[in-house]
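Asks: Full structure from sequences and hints, please.
Protein sequences appear in the order of chains A and Y.
Numbering of the first sequence is given in this note's numbering, commencing with residue 1 and proceeding in unit increments.
Numbering of the second sequence is given in this note's numbering, commencing with residue 354 and proceeding in unit increments.
If you are wondering where the hints come from, they were derived from the structure by calculation, not from laboratory data.
Just so you know, even glycine gets a beta-carbon here, dropped at the ideal spot from N, CA and C.
Mixed in with the good hints there might be a few duds.
With beta-carbon atoms standing in for the labels, derived distance ranges [as the list claims (entries may be wrong)]:
{"#": "1", "chain 1": "A", "residue 1": "E238", "chain 2": "Y", "residue 2": "V466", "range": "54 to 62 Å"}
{"#": "2", "chain 1": "A", "residue 1": "P61", "chain 2": "Y", "residue 2": "V367", "range": "26 to 34 Å"}
{"#": "3", "chain 1": "A", "residue 1": "W253", "chain 2": "Y", "residue 2": "R574", "range": "45 to 53 Å"}
{"#": "4", "chain 1": "A", "residue 1": "T163", "chain 2": "Y", "residue 2": "K579", "range": "49 to 57 Å"}
{"#": "5", "chain 1": "A", "residue 1": "Q308", "chain 2": "Y", "residue 2": "W519", "range": "45 to 53 Å"}
{"#": "6", "chain 1": "A", "residue 1": "L148", "chain 2": "Y", "residue 2": "T598", "range": "28 to 36 Å"}
{"#": "7", "chain 1": "A", "residue 1": "A74", "chain 2": "Y", "residue 2": "G480", "range": "55 to 63 Å"}
{"#": "8", "chain 1": "Y", "residue 1": "I597", "chain 2": "A", "residue 2": "L58", "range": "45 to 53 Å"}
{"#": "9", "chain 1": "Y", "residue 1": "I597", "chain 2": "A", "residue 2": "E238", "range": "53 to 61 Å"}
{"#": "10", "chain 1": "Y", "residue 1": "G585", "chain 2": "A", "residue 2": "A309", "range": "30 to 38 Å"}
These stretches of chain A come out as covered by chain Y in the derived footprint (C-beta under 8 Å, 3 or more residues) [stated by the list, open to error]:
{"#": "11", "segment": "176-187"}
{"#": "12", "segment": "276-287"}
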Amino acid sequence: MAEFAFEPESDQVHLAPGETPREIQGKSPWQLAGRRLVRNRIAMASLGLFLLIVVLCLLAPVYAHHIAHTDPFASNISGTTVVNGKRVDIIQQGGGGLGLGETPIGPTWQTNYFVGADNSGRDVMARTLYGGRNSLEIGVSSAVLCCLIALVLGVIAGFFRRTTDAILSRTMDLIWAFPVYLLAISLATVLLTKENGLQWGPIHISSSSLWVTTTIIAIVYVPYVYRPVRGEVLSVREKEYVEASVSQGASNWRLMFAEILPNIITTVIVLLPLMIATTVLTESALSFLGIGVQPPQASWGTIIDDGQALLYTRPAVAIVPGIFIVATVLSLNVLGDGVRDALDPRAKVRVRE
Amino acid sequence: MTAFIVRRLIGLVVVLFAISVLTFLIFFAIPGVDPSRQLAGRNPDPATIAAVKHQFGLDRPLPIRYLLMMKRLFISRDLVSYGNQALKVVPTIWAATPVTFSLVFGAAVIWIVFSILLGLLAVVFKGTFIDPLIMILALIGISMPVFWLGEVVNLITQSPNRSVIWSWVPPLGYVPLTQNPWQWFLHLILPWITLSILYIGFYARVLRGSLLEVQNEDYVRTARAKGLSPRGVLVRHMLRTSLITFVSLFGLDFGVLVGGGALLTEVVFALPGVGLLTYHSLQSLDLPVIMATVLYGAFFITIMNAIVDVVYARLDPRIRPS
Numbered sequence: 001m002a003e004f005a006f007e008p009e010s011d012q013v014h015l016a017p018g019e020t021p022r023e024i025q026g027k028s029p030w031q032l033a034g035r036r037l038v039r040n041r042i043a044m045a046s047l048g049l050f051l052l053i054v055v056l057c058l059l060a061p062v063y064a065h066h067i068a069h070t071d072p073f074a075s076n077i078s079g080t081t082v083v084n085g086k087r088v089d090i091i092q093q094g095g096g097g098l099g100l101g102e103t104p105i106g107p108t109w110q111t112n113y114f115v116g117a118d119n120s121g122r123d124v125m126a127r128t129l130y131g132g133r134n135s136l137e138i139g140v141s142s143a144v145l146c147c148l149i150a151l152v153l154g155v156i157a158g159f160f161r162r163t164t165d166a167i168l169s170r171t172m173d174l175i176w177a178f179p180v181y182l183l184a185i186s187l188a189t190v191l192l193t194k195e196n197g198l199q200w201g202p203i204h205i206s207s208s209s210l211w212v213t214t215t216i217i218a219i220v221y222v223p224y225v226y227r228p229v230r231g232e233v234l235s236v237r238e239k240e241y242v243e244a245s246v247s248q249g250a251s252n253w254r255l256m257f258a259e260i261l262p263n264i265i266t267t268v269i270v271l272l273p274l275m276i277a278t279t280v281l282t283e284s285a286l287s288f289l290g291i292g293v294q295p296p297q298a299s300w301g302t303i304i305d306d307g308q309a310l311l312y313t314r315p316a317v318a319i320v321p322g323i324f325i326v327a328t329v330l331s332l333n334v335l336g337d338g339v340r341d342a343l344d345p346r347a348k349v350r351v352r353e
Numbered sequence: 354m355t356a357f358i359v360r361r362l363i364g365l366v367v368v369l370f371a372i373s374v375l376t377f378l379i380f381f382a383i384p385g386v387d388p389s390r391q392l393a394g395r396n397p398d399p400a401t402i403a404a405v406k407h408q409f410g411l412d413r414p415l416p417i418r419y420l421l422m423m424k425r426l427f428i429s430r431d432l433v434s435y436g437n438q439a440l441k442v443v444p445t446i447w448a449a450t451p452v453t454f455s456l457v458f459g460a461a462v463i464w465i466v467f468s469i470l471l472g473l474l475a476v477v478f479k480g481t482f483i484d485p486l487i488m489i490l491a492l493i494g495i496s497m498p499v500f501w502l503g504e505v506v507n508l509i510t511q512s513p514n515r516s517v518i519w520s521w522v523p524p525l526g527y528v529p530l531t532q533n534p535w536q537w538f539l540h541l542i543l544p545w546i547t548l549s550i551l552y553i554g555f556y557a558r559v560l561r562g563s564l565l566e567v568q569n570e571d572y573v574r575t576a577r578a579k580g581l582s583p584r585g586v587l588v589r590h591m592l593r594t595s596l597i598t599f600v601s602l603f604g605l606d607f608g609v610l611v612g613g614g615a616l617l618t619e620v621v622f623a624l625p626g627v628g629l630l631t632y633h634s635l636q637s638l639d640l641p642v643i644m645a646t647v648l649y650g651a652f653f654i655t656i657m658n659a660i661v662d663v664v665y666a667r668l669d670p671r672i673r674p675s
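Replies: This is the structure in structure tokens:
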């Protein structure tokens, strides 16, 4: 059924640039899309970059224990390291703007304290990798959670229409009316200050859990995915194959999730990489403001926040995590473009040029 | 048209009411949260809690508390901050709005000019290396966290051992336009650029996409056929149609930024606008101020959206519902 449902509306299949009719004969739309994506070198390179960052961050414990030999979560104010055969303090006297105060060690360009230490004498490179794990985990899981919620609500609203649609759509409009950051800030201030965490029946989330931030980010972006999903469902539910299914006595459940869902899922797949890019940026902003990931946990945003105080003496602390964010978000944006070109039927506009 | 505006106004009032209820519920009715403890800040003493309870009538039922809060916000305007009891919340927000407006307005001018320029350039030079180059730069602009970009700008222009070409850059902060226009401009030019980069990238991409979409339309072919120069077709016909989407996008983004989206830029450049106010109240968990700024932002955005709808309906009669 699914293959049948994917047949394009017109009897003509559109070619992507550089494709010959022979090449796409007898291929399902999924195969075609996959093929186009794999042949898009820029998209593949950005996918590679994204996976590289993911792997690097997953290897954070290996880096900390076996390469840097530091504990990025323990302060090391009185520690020392060896640079060019000489033993030096990690927190050094002087070195500030006026040669006063204490300054953490700068980049050593060696395995130990590769890009220097923060104010507590912790290895910034190791912290950046550990922070990346949290940033990516929150980014990916909140984007997925957001798309799932939006998908279910969008399908229900578009399928049942009338009152159900009115209630859901007005609720979404209401969330939409809030500035993303302000809604996230409101939720975060209230949720993060609850001393005993959240308790919903058997589910308990402590207030320092990453799930608080993940859920907040997922909720504030639901309307952005909900709207296109609902629109697609409204048009797809009028198609002949849905009518055919109705005539066979299919239940609402079956119509929604076996007939309509597979035909609108591309909308969400196209949006997913772009959503992850957005949620990674949002997470870093919330953590930068102190209402995302809570210490002792780190994320790219909290490390940039730590680096603000050291900006003019040890700029690497704020710069390095930022470079990781830019690389991650850029690779996801380029990948998102490639996925859209491969899947979105509007790509046919391009062929006409 | 009048009927449309009236209907839109009624919708606006309903949404504003719903927003105020939702904001109130987030701050005061999520189960398990004791608002008085929250309002009194971290580690309050029992006397403060009692005072707060009395001041907000927290022993009253929820709808009454909502009405009391709205009265304090909009009618008597005497809601006070808990970090500093002498600080009246509503006048403080009013005093901060010119800063936010200055920041967003200047950035908007920059991003409109440059995004139209880059979007047109990309279309004119389609097929050469310039188009992909512009689009890659635009993507990089979209991918940078604005607070990080701001820190990089500060590192370059504010550092004690900065290069002499940055010696004209004043220290971080804000000078009102009415006090010294030139200093106002100098203090804001770098924040403007920082804030606008994301939007330049985004709008240039949107404009290029929409220009490429209309280039196969019949009216464009007609314009070419009647012998208009390529530049004339591009600017007079294609750009004009594409600007309809552009205008409505702009209205929404402008609203979001004035309503609180410029928060991160204000924090990094120490501009005392509504965003910085929110940030400082976040640090001290000053809930009345946070709630008031959130309401201010949501109200502004909703009103802005309504204006955009009306303008859009004037520009494009097709979407005017009868």
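Asks: Examine the segment 176-187 of chain A for residues whose CB is less than 8 Å from any CB of chain Y, and state whether their number is three or more.
Replies: holds (count 10)
Asks: Against the range 55 to 63 Å, how does the distance between the Cβ atoms of A:A74 and Y:G480 compare: consistent or not?
Replies: holds, 57 Å
Asks: Falls inside 54 to 62 Å, the C-beta gap from A:E238 to Y:V466?
Replies: About 44 Å separates the Cβ atoms of A:E238 and Y:V466, which means 54 to 62 Å is violated.
Asks: Is the hinted range of 49 to 57 Å satisfied by the C-beta distance from A:T163 to Y:K579?
Replies: holds, 53 Å
Asks: Indicate whether the distance between the beta carbons of A:W253 and Y:R574 respects the range 45 to 53 Å.
Replies: For Y:R574 against A:W253, whose Cβ atoms are near 49 Å apart, the range 45 to 53 Å holds.
Asks: Three residues minimum, CB to CB under 8 Å: does the segment 276-287 of chain A make the cut for coverage by chain Y? Let me know.
Replies: holds (count 4)
Asks: Mind checking the hinted window 26 to 34 Å against the Cβ distance between A:P61 and Y:V367?
Replies: Once the Cβ atoms are compared, 53 Å apart, the range 26 to 34 Å for Y:V367 and A:P61 is violated.
Asks: For A:L148 and Y:T598, compare the CB-CB distance with the range 28 to 36 Å and indicate the outcome.
Replies: For A:L148 and Y:T598 the Cβ distance comes to about 30 Å; the hint holds.
Asks: Note whether the CB distance of A:Q308 and Y:W519 lies within 45 to 53 Å or breaks it.
Replies: violated, 19 Å
Asks: Take the C-beta atom of Y:G585 and the C-beta atom of A:A309, compute their distance, and say whether it sits inside 30 to 38 Å.
Replies: Check failed, 55 Å falls outside 30 to 38 Å.
Asks: Please check whether Y:I597 and A:E238 have a Cβ separation lying inside 53 to 61 Å.
Replies: violated, 28 Å
Asks: Is the gap between the beta carbons of Y:I597 and A:L58 within 45 to 53 Å?
Replies: holds, 46 Å
In this structure, the hints that do not hold are numbers 1, 2, 5, 9 and 10, in rising order.
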